[in-house]
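Protein chains in written order, with our numbering: chain A, 52 to 194; chain B, 52 to 194; chain C, 2 to 111; chain D, 2 to 111.
Check the hints yourself; a few may be wrong.
Derived DEER-like restraints, expressed as beta-carbon distance ranges [said to hold, decoys possible]:
| id | chain 1 | residue 1 | chain 2 | residue 2 | range |
| --- | --- | --- | --- | --- | --- |
| 1 | D | E8 | B | Q75 | 45 to 55 angstroms |
| 2 | A | S181 | D | Q38 | 41 to 51 angstroms |
| 3 | B | R103 | D | D3 | 53 to 63 angstroms |
| 4 | B | R103 | D | G40 | 51 to 61 angstroms |
| 5 | D | N34 | A | A188 | 43 to 53 angstroms |
Derived from the structure by calculation, the hints contain no laboratory data.
Note that CB positions come from ideal geometry on N, CA and C, so glycine has one too.
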Amino acid sequence: MDSATLRIEGQYDQLQSVRDLINQAAENAGFSSKECYACQLAVSEAVENIIRHGYGREVENKIQVTVSTEPGVLNVELTDDAPPFNPTNNRKERQWSIDDPPIGGLGIEIIHSIMDDVEYSRESGRNHLSLQKKKRASSESTD
Amino acid sequence: MDSATLRIEGQYDQLQSVRDLINQAAENAGFSSKECYACQLAVSEAVENIIRHGYGREVENKIQVTVSTEPGVLNVELTDDAPPFNPTNNRKERQWSIDDPPIGGLGIEIIHSIMDDVEYSRESGRNHLSLQKKKRASSESTD
Amino acid sequence: MDIQTQEHKRVVVVTVQGRIDSATAGEFEDTLNEFTQQGKNNIVLDLSNVDFISSAGLRVLVTTRKAVKGAGGNIVFAGSSEQVLETLEIAGLDVLFEKYSDREAAIGSF
Amino acid sequence: MDIQTQEHKRVVVVTVQGRIDSATAGEFEDTLNEFTQQGKNNIVLDLSNVDFISSAGLRVLVTTRKAVKGAGGNIVFAGSSEQVLETLEIAGLDVLFEKYSDREAAIGSF
Ligand SMILES: Nc1ncnc2c1ncn2[C@@H]1O[C@H](COP(=O)(O)OP(=O)(O)O)[C@@H](O)[C@H]1O
Ligand SMILES: Nc1ncnc2c1ncn2[C@@H]1O[C@H](COP(=O)(O)OP(=O)(O)O)[C@@H](O)[C@H]1O
Numbered sequence: 052m053d054s055a056t057l058r059i060e061g062q063y064d065q066l067q068s069v070r071d072l073i074n075q076a077a078e079n080a081g082f083s084s085k086e087c088y089a090c091q092l093a094v095s096e097a098v099e100n101i102i103r104h105g106y107g108r109e110v111e112n113k114i115q116v117t118v119s120t121e122p123g124v125l126n127v128e129l130t131d132d133a134p135p136f137n138p139t140n141n142r143k144e145r146q147w148s149i150d151d152p153p154i155g156g157l158g159i160e161i162i163h164s165i166m167d168d169v170e171y172s173r174e175s176g177r178n179h180l181s182l183q184k185k186k187r188a189s190s191e192s193t194d
Numbered sequence: 052m053d054s055a056t057l058r059i060e061g062q063y064d065q066l067q068s069v070r071d072l073i074n075q076a077a078e079n080a081g082f083s084s085k086e087c088y089a090c091q092l093a094v095s096e097a098v099e100n101i102i103r104h105g106y107g108r109e110v111e112n113k114i115q116v117t118v119s120t121e122p123g124v125l126n127v128e129l130t131d132d133a134p135p136f137n138p139t140n141n142r143k144e145r146q147w148s149i150d151d152p153p154i155g156g157l158g159i160e161i162i163h164s165i166m167d168d169v170e171y172s173r174e175s176g177r178n179h180l181s182l183q184k185k186k187r188a189s190s191e192s193t194d
Numbered sequence: 002m003d004i005q006t007q008e009h010k011r012v013v014v015v016t017v018q019g020r021i022d023s024a025t026a027g028e029f030e031d032t033l034n035e036f037t038q039q040g041k042n043n044i045v046l047d048l049s050n051v052d053f054i055s056s057a058g059l060r061v062l063v064t065t066r067k068a069v070k071g072a073g074g075n076i077v078f079a080g081s082s083e084q085v086l087e088t089l090e091i092a093g094l095d096v097l098f099e100k101y102s103d104r105e106a107a108i109g110s111f
Numbered sequence: 002m003d004i005q006t007q008e009h010k011r012v013v014v015v016t017v018q019g020r021i022d023s024a025t026a027g028e029f030e031d032t033l034n035e036f037t038q039q040g041k042n043n044i045v046l047d048l049s050n051v052d053f054i055s056s057a058g059l060r061v062l063v064t065t066r067k068a069v070k071g072a073g074g075n076i077v078f079a080g081s082s083e084q085v086l087e088t089l090e091i092a093g094l095d096v097l098f099e100k101y102s103d104r105e106a107a108i109g110s111f
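Please build the complete structure, drawing on both the sequences and the hints.
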């Protein structure tokens with residue numbers, strides 16, 4: 052199992068390096084380019100949320116990103132010092148029509164729809180978010 | 052002095068070979084590409100007129116095109132058996148505004164504005180139209 | 002001569018390739034008439050690949066312009082070749098047609 | 002992120018290159034707001050060179066769509082990258098935006 056850790060300041064200009072790390076790891080795990088993109092998106096959503104909602108503003112607060120891979124599996128763990136927030140709670144079923152589409156609340160849904168497993172824990176005053184995605188067998192041929 | 056003669060049926064599908072001949076001759080005379088195009092246009096107008104107005108319809112009536120060149124000079128002579136028509140007569144000064152532009156009568160004006168010399172004669176029951184253009188000194192540098 | 006047409010919501014685009022002279026002006030005219038008779042009077046002409054046009058072609062342009070302007074439309078150019086511009090200039094008719102750098106800008110002009 | 006805008010008579014074209022995420026969505030939104038505040042509600046978006054868009058970008062798309070639709074306009078796509086389509090699909094929002102193959106067709110749709 053390969054793994055890597057990145058510590059970033061909680062600032063939006065750090066997002067791309069997080070995505071680059073995730074993309075590299077997803078490629079290593081043998082994911083299709085579509086799956087690699089989806090993983091970047093899910094993790095970006097989570098990190099954007101930590102910065103925007105967790106830390107509340109763009110200040111110098113650290114976020115730790117740890118990725119580990121084995122063939123066909125990508126694990127990402129995000130750790131931050133912001134107030135507790137559990138994105139696996141409070142998910143409301145949304146009903147929307149084309150005339151009244153949702154304006155917000157997309158980020159968490161995106162994370163859940165991309166990742167196979169989303170787990171949250173609060174430990175030693177920190178938020179830990181674990182995301183796991185497994186390669187789809189069917190996508191091997193299409194990408 | 053180089054010269055060449057082309058005899059065509061008075062049909063529109065022959066126009067391009069006339070223009071090719073003129074273009075080649077104009078190039079030989081050392082004309083700029085703009086001048087070459089203008090010569091093709093003037094002669095095409097004359098031949099299109101012979102077919103449309105002279106012979107009146109697309110029938111098998113011959114038109115003879117003779118080109119001769121010397122450096123800086125292109126001479127074209129068009130001969131046809133259609134009823135007499137002298138395109139150097141009856142040129143009316145046109146006044147037009149942008150709201151009421153001319154619909155017809157452009158062909159003969161185009162010929163006169165391109166060619167330096169336009170001469171008509173009727174000989175042995177044939178129309179002879181002689182067109183001459185001289186290379187402009189000023190255009191050498193611009194093309 | 003080769004003619005392609007494309008209909009957008011309010012604008013039709015007519016793309017011509019090759020030569021417009023007495024041999025082909027009729028077909029060119031038919032294409033344009035078909036649109037104007039359907040009340041499609043916003044016309045973009047792409048003549049960037051026309052390598053020869055004589056007054057037979059200009060006549061079509063001028064009559065079509067008259068028709069569409071009379072119906073509240075317009076006919077504008079989206080790119081035209083050197084040759085088309087040269088013929089228009091020699092005939093003194095270049096002022097009649099608004100010229101745009103590309104099809105996008107021409108479509109957007111309506 | 003790089004934004005270019007082009008104003009036609011009835012349509013504005015906004016071309017974005019790069020990434021639209023929380024770092025850049027604000028600038029993207031400002032650009033669009035500037036147009037809608039001027040009553041320019043027919044918007045063509047060319048996102049064919051956007052290589053990443055997160056929900057921060059989608060939010061701008063959805064709010065702008067709401068604004069322009071409310072004002073009788075629309076916001077349509079003229080070409081969008083695989084990545085943009087993928088994000089839209091994952092979010093289930095791909096049905097919201099008419100997609101045209103190129104800018105010409107998108108401009109012509111108004
Ligand atoms: N890391 C976080 N810390 C605190 N609150 C969060 C966090 N992530 C999400 N939230 C809360 O959950 C809501 C929904 O988040 P999300 O689905 O990403 O949509 P959006 O960011 O558009 O509101 C947010 O508006 C915010 O109130
Ligand atoms: N070769 C010709 N034979 C007979 N009549 C001609 C000939 N060329 C021109 N004409 C007459 O001169 C008129 C003007 O010709 P032209 O300037 O080419 O414009 P158009 O062909 O558009 O009418 C024609 O309408 C026709 O009546």
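Evaluated hints:
Roughly 47 angstroms separates the CB atoms of E8 (chain D) and Q75 (chain B), a value that falls within the hinted 45 to 55 angstroms. Against the hinted window of 41 to 51 angstroms, the Cβ-Cβ separation of S181 (chain A) and Q38 (chain D) comes to about 43 angstroms, which satisfies the hint. Take R103 (chain B) and D3 (chain D): their Cβ atoms lie about 55 angstroms apart, and the range 53 to 63 angstroms holds. Taking 51 to 61 angstroms as the suggested C-beta distance range, the pair R103 (chain B) and G40 (chain D) conforms, at roughly 52 angstroms.
Checking the proposed 43 to 53 angstroms range against N34 (chain D) and A188 (chain A) shows it holds: the Cβ atoms sit about 45 angstroms from each other.
This entry satisfies every hint, going by the numbered hints stated previously.
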